[in-house]
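Chemist: Sequence:
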Amino acid sequence: REITIRDLIRASLRMRPSRIIVGEVRGAETFELLTCLNTGHDGSFSTCHANSTQDTIGRLETMVLMGMELPLQAIRRQIASGIDLIVYLGRLRDRSRRLLEITEVTGMEEDQVALNPLFLFRETGEVSGRICGIQEKTGEMKNIGKFQRAGIPAG
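Sequential numbering from 295 applies to the sequence shown in my numbering.
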């Protein structure tokens, strides 16, 4: 029998880890990762492919649904309560990869996962064919208390 990422995530939970790091979620194992994020494994993280921080939410929903039938609202609540930040890396037209967005997940607003953009990449020009830019602060963290309790300083 093949051992899947889903099997490995489940097995890791039996070891009572402080946090879980999954290189990449691409399918049904996303539900197991969200379960970890919602059961006291703060500081855990993973990667997935998406086109923006906003699109990441839809990708996570789709990947959970690849493995099981759950109401979309239940999946969204798991995402909203388990994920604190989404960091988006993208490729620019000069083929370089840059950090393009950092967005806080703040909970639920009506039936949607609420996002609070914190930083966005802004192009400032080009030097020798390479795109230059800065990370522009676009918002303030709303749920800073969780980070402070974990020993991560504010600001």
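If you are wondering where the hints come from, they were derived from the structure by calculation, not from laboratory data. Every residue, glycine too, gets a C-beta built ideally from N, C-alpha and C. Careful, some of the hints might be misleading.
As the list claims (entries may be wrong) - Here are the simulated lysine to aspartate or glutamate pairs, EDC-like style, with alpha carbons at most 16 Å apart:
(1) Lys440 - Asp336
(2) Lys440 - Asp378
(3) Lys431 - Glu417
(4) Lys436 - Asp378
(5) Lys436 - Glu403
Unchecked claim - What follows is a set of in silico ranges between Cβ atoms, one per label pair, in the way DEER data are often shown:
(6) Gly361 - Ile428: 36 to 42 Å
(7) Pro365 - Asp336: 23 to 29 Å
(8) Gln367 - Val421: 27 to 33 Å
(9) Gln429 - Gln367: 17 to 23 Å
(10) Ile425 - Leu364: 38 to 44 Å
(11) Arg353 - Thr400: 14 to 20 Å
(12) Ile315 - Pro365: 27 to 33 Å
(13) Gln367 - Arg391: 31 to 37 Å
(14) Gln367 - Glu434: 23 to 29 Å
Chemist: Look at each hint and say if it fits the structure.
Modeler: Comparing the hints with the structure gives:
1. Lys440 - Asp336: Cα-Cα ~10 Å, so holds.
2. Lys440 - Asp378: holds, 9 Å
3. Lys431 - Glu417: It holds: about 14 Å lies between the C-alpha atoms, which stays within 16 Å.
4. Lys436 - Asp378: The hint holds at about 11 Å.
5. Lys436 - Glu403: Since the Cα atoms of Lys436 and Glu403 sit roughly 14 Å apart, the hinted pair holds (cutoff 16 Å).
6. Gly361 - Ile428: 36 to 42 Å: holds, 40 Å
7. Pro365 - Asp336: 23 to 29 Å: holds, 26 Å
8. Gln367 - Val421: 27 to 33 Å: violated, 48 Å
9. Gln429 - Gln367: 17 to 23 Å: Check failed, 33 Å falls outside 17 to 23 Å.
10. Ile425 - Leu364: 38 to 44 Å: Once the Cβ atoms are compared, 41 Å apart, the range 38 to 44 Å for Leu364 and Ile425 holds.
11. Arg353 - Thr400: 14 to 20 Å: holds, 19 Å
12. Ile315 - Pro365: 27 to 33 Å: The hint (27 to 33 Å, Cβ to Cβ) holds, given that Ile315 and Pro365 are roughly 29 Å apart.
13. Gln367 - Arg391: 31 to 37 Å: holds, 34 Å
14. Gln367 - Glu434: 23 to 29 Å: Holds - the Cβ-Cβ distance for Gln367 and Glu434, about 28 Å, lies within 23 to 29 Å.
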